[in-house]
Amino acid sequence: MRLKRKDLLTIEDLARDEIELILSTAESFKEVSEREIKKVPTLRGRTIVNLFYEPSTRTRTSFEIAAKRMSADAVNISVSTSSVVKGETIRDTAKNLEAMRPDCIVVRHAAAGVPLMLARNLNCPVINAGDGAHEHPSQALLDMLTVKTALGRLEGARLAVVGDIMHSRVARSNIYGFTRMGAEVTVAGPPTMIPPGIERMGCRVTHDVDAAIKDADVIMMLRIQLERQKDAFFPTAREYSGLYGLDEARLKRAKKDVLILHPGPINRGVEISSGVADGPYSLILNQVTNGVAVRMALFYLLLGGAKEAA
Amino acid sequence: MRLKRKDLLTIEDLARDEIELILSTAESFKEVSEREIKKVPTLRGRTIVNLFYEPSTRTRTSFEIAAKRMSADAVNISVSTSSVVKGETIRDTAKNLEAMRPDCIVVRHAAAGVPLMLARNLNCPVINAGDGAHEHPSQALLDMLTVKTALGRLEGARLAVVGDIMHSRVARSNIYGFTRMGAEVTVAGPPTMIPPGIERMGCRVTHDVDAAIKDADVIMMLRIQLERQKDAFFPTAREYSGLYGLDEARLKRAKKDVLILHPGPINRGVEISSGVADGPYSLILNQVTNGVAVRMALFYLLLGGAKEAA
Amino acid sequence: MRLKRKDLLTIEDLARDEIELILSTAESFKEVSEREIKKVPTLRGRTIVNLFYEPSTRTRTSFEIAAKRMSADAVNISVSTSSVVKGETIRDTAKNLEAMRPDCIVVRHAAAGVPLMLARNLNCPVINAGDGAHEHPSQALLDMLTVKTALGRLEGARLAVVGDIMHSRVARSNIYGFTRMGAEVTVAGPPTMIPPGIERMGCRVTHDVDAAIKDADVIMMLRIQLERQKDAFFPTAREYSGLYGLDEARLKRAKKDVLILHPGPINRGVEISSGVADGPYSLILNQVTNGVAVRMALFYLLLGGAKEAA
Chain A
107 MRLKRKDLLT IEDLARDEIE LILSTAESFK EVSEREIKKV PTLRGRTIVN LFYEPSTRTR
167 TSFEIAAKRM SADAVNISVS TSSVVKGETI RDTAKNLEAM RPDCIVVRHA AAGVPLMLAR
227 NLNCPVINAG DGAHEHPSQA LLDMLTVKTA LGRLEGARLA VVGDIMHSRV ARSNIYGFTR
287 MGAEVTVAGP PTMIPPGIER MGCRVTHDVD AAIKDADVIM MLRIQLERQK DAFFPTAREY
347 SGLYGLDEAR LKRAKKDVLI LHPGPINRGV EISSGVADGP YSLILNQVTN GVAVRMALFY
407 LLLGGAKEAA
Chain B
107 MRLKRKDLLT IEDLARDEIE LILSTAESFK EVSEREIKKV PTLRGRTIVN LFYEPSTRTR
167 TSFEIAAKRM SADAVNISVS TSSVVKGETI RDTAKNLEAM RPDCIVVRHA AAGVPLMLAR
227 NLNCPVINAG DGAHEHPSQA LLDMLTVKTA LGRLEGARLA VVGDIMHSRV ARSNIYGFTR
287 MGAEVTVAGP PTMIPPGIER MGCRVTHDVD AAIKDADVIM MLRIQLERQK DAFFPTAREY
347 SGLYGLDEAR LKRAKKDVLI LHPGPINRGV EISSGVADGP YSLILNQVTN GVAVRMALFY
407 LLLGGAKEAA
Chain C
107 MRLKRKDLLT IEDLARDEIE LILSTAESFK EVSEREIKKV PTLRGRTIVN LFYEPSTRTR
167 TSFEIAAKRM SADAVNISVS TSSVVKGETI RDTAKNLEAM RPDCIVVRHA AAGVPLMLAR
227 NLNCPVINAG DGAHEHPSQA LLDMLTVKTA LGRLEGARLA VVGDIMHSRV ARSNIYGFTR
287 MGAEVTVAGP PTMIPPGIER MGCRVTHDVD AAIKDADVIM MLRIQLERQK DAFFPTAREY
347 SGLYGLDEAR LKRAKKDVLI LHPGPINRGV EISSGVADGP YSLILNQVTN GVAVRMALFY
407 LLLGGAKEAA
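Chains as they are written, first to last, in the numbering used here: chain A, 107 to 416; chain B, 107 to 416; chain C, 107 to 416.
Some hints here could point you the wrong way.
All copies of an identical chain are treated as equivalent in the list; a pair is satisfied when it fits inside any one copy or across any two copies.
To be verified - Under the rule of at most 25 Å between Cα atoms (straight-line distance), these lysine-lysine pairs were calculated in the BS3-like manner:
no. : residue 1 : residue 2
1   : Lys110    : Lys201
2   : Lys358    : Lys320
3   : Lys145    : Lys361
4   : Lys136    : Lys320
5   : Lys145    : Lys201
6   : Lys201    : Lys112
7   : Lys320    : Lys362
8   : Lys201    : Lys136
None of these hints come from the bench; they were simulated from the model.
Based on the provided sequences and hints, a complete structural model is requested.
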């Protein structure tokens with residue numbers, strides 16, 4: 107089985123059956139990471155390049171581990187100390203990498219659209235590992251897998267996404283993904299951080315977090331970039347926390363057994379309290395575990411396994 | 107055979123038979139690195155994460171090569187350009203890594219106690235690759251292996267450790283290790299650099315290097331951090347060298363065939379002269395070779411081989 | 107088949123039959139990178155260390171991918187954040203690495219002669235991945251492979267090398283290589299950037315780019331370091347481009363079907379126009395593809411395959 111597309115760039119352009127294929131494939135790869143010998147030979151002899159223009163521990167590591175568990179060779183390129191300094195264009199860097207015949211390039215960049223531009227210029231599959239405030243599709247896929255596993259379904263699920271919606275590629279990808287799968291999405295956050303017209307993406311909007319979480323099956327708290335404070339997006343971390351953060355007191359206003367997600371890294375005591383992050387309803391670490399499985403599935407579905415080649 | 111503990115955090119809490127098990131296992135792995143095909147399949151499909159919060163060429167490389175020679179997948183994370191910037195706690199970084207199901211996390215950190223804190227919070231084995239001025243257990247194990255190989259025994263051996271004892275995790279781990287194995291340890295160095303009460307660790311103390319090395323079977327010279335000069339720990343590199351450094355003239359006051367160790371990287375002409383470092387009694391490069399074998403042994407004994415799994 | 111030398115340090119000291127052996131071996135490895143499973147088991151269990159003292163995306167990645175396609179383990183060491191800070195000598199860093207029993211060390215350094223110094227001090231093979239303005243032999247080998255593949259021969263081929271000859275290790279290695287193989291080499295560039303006496307290397311010299319390219323079969327454009335402008339090597343990028351750059355207008359003065367090379371990374375619109383770089387005569391990406399094959403061949407010829415060991 108393979109995705110009928112060369113690249114994975116956005117959730118926006120994924121059809122429902124494509125998302126279902128990715129999630130079910132990821133489910134089947136989850137058990138590999140629970141084995142003693144966490145490796146399948148499927149992508150032996152393939153080369154996967156992680157081309158990261160933004161620093162990242164967790165996402166790069168997740169893609170690298172996923173590649174290795176598929177028996178692929180992973181090559182990490184962290185750009186900032188390298189050719190960018192020398193003034194080479196991103197397209198040239200990527201064309202040069204492609205000339206070394208990788209089987210897939212995973213790219214993260216601070217500018218929206220870079221993965222698309224590369225995908226159009228390269229013959230090999232490109233995976234978007236986060237581009238500016240645009241999309242972070244593998245994150246949304248792992249979030250959907252986490253909710254589907256915990257809730258048994260996505261159809262009809264009620265998701266509240268809380269925080270800095272405007273700058274969040276995680277929020278955008280998840281709004282596209284969850285609505286596509288038939289879930290109801292409500293976004294909540296400071297008026298300065300909700301882009302006007304976001305309702306057109308198919309979600310509801312509120313500035314009242316309590317209203318957003320009241321009937322939610324799943325609450326997804328977003329990371330607040332503390333450095334945005336100086337740009338006057340919010341007054342102080344304490345005030346942000348009081349108005350938009352999730353602590354145990356606020357959690358009581360949500361449904362019993364509501365599920366808590368956060369893409370990480372978390373700011374404890376700011377957008378989420380430690381009690382909630384480490385509490386019984388938190389699926390934050392499940393998200394990370396599912397991230398490896400989703401990325402294994404993406405490599406499998408975009409590159410094709412060895413069996414297909416036979 | 108396996109160590110009956112989850113983690114390797116200190117030499118202090120290792121029993122003599124545990125040290126003996128590690129050394130004998132390391133001895134059996136030494137020949138792997140002398141083969142043309144330097145690889146055993148023992149840990150195929152295991153993932154080992156090197157999580158380094160301090161820069162390091164040699165220690166990180168040694169752990170990485172050890173992992174690969176055991177056929178494990180090694181994932182390097184050098185933290186400083188990554189989530190630390192984003193304000194994530196070390197515990198959260200580690201919990202997130204653990205959720206990706208590594209089989210072992212090797213951690214180095216400038217703060218004493220970080221490996222212990224992680225070990226208490228993680229289910230997977232944690233190896234301390236150096237924590238502040240606390241311990242560097244794999245270094246002491248490779249030092250003991252080097253002395254045992256050269257001398258035939260550790261029991262009754264006389265070891266002089268010379269230099270900045272106070273700030274040295276290498277000194278602390280070796281004092282614990284060598285005394286535990288029945289060796290006699292004398293420490294020597296500037297009065298400003300010997301912590302009061304260190305005799306309680308079971309070693310003798312002197313400020314006279316000549317007295318310390320006179321009857322020693324083994325001299326371990328410690329690296330002096332030249333930047334400590336500005337904190338007035340010692341007046342000048344030249345004076346330090348004259349009083350506490352080891353050159354060929356001073357070496358004549360030691361026993362014939364005394365063995366010379368240094369954990370590296372060495373400051374030539376400061377704590378050790380080139381003649382001594384490169385001379386016939388120097389085991390400095392043997393230490394490095396033994397380091398790979400010790401780390402292969404630690405991975406084997408903490409993770410268990412594939413045969414055990416069967 | 108093996109090279110009868112321990113190291114690959116320069117093109118200067120390679121005999122014609124050695125270059126021929128490397129090129130024909132590289133030709134045979136080219137198809138590995140075109141397979142679905144891009145891996146041969148030849149160097150399984152060997153450890154190749156990439157020791158880079160200068161940042162590099164493409165060269166380090168090319169060596170890393172070459173190593174992995176030969177099934178060797180690749181260990182990357184990027185020095186600047188590590189022991190150099192601590193004041194260790196390069197020789198000591200390398201001796202320490204050697205004590206971990208790598209099978210080959212690939213080294214790049216800003217100072218000419220570092221690879222030679224290491225080769226003399228180490229028992230394991232050393233490959234020069236670029237040393238100052240001295241040599242970059244694997245680059246010249248991939249350039250020769252590219253020309254030989256496109257032209258069918260090197261003997262009698264006419265090569266024009268245009269740009270900053272003085273500071274270019276690529277130019278030096280190629281002058282040695284192409285003249286050794288019987289090609290005719292002409293160098294052209296600003297008078298400030300052509301070292302006096304370079305004719306003694308066996309090439310012709312001109313300051314007139316049009317004259318240099320008129321009869322050339324191959325034009326190799328060199329990267330101009332824009333930061334040299336402030337050292338008064340050339341007045342402005344625009345003037346440099348007009349006098350010494352290659353655009354479509356100038357290309358018309360060259361032979362029909364002339365081949366264009368550039369070692370990358372390119373400065374579009376400075377030493378080469380986008381029309382030429384991306385045009386039908388450009389072999390720039392072929393060079394990159396051939397680079398992986400040349401490096402696989404070097405590992406094979408210096409380390410020996412598993413079959414030989416049997």
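(request) Sort out which numbered hints this structure fails and list those numbers smallest first. (result) The structure conflicts with hints 3 and 4, although it agrees with all the remaining ones.
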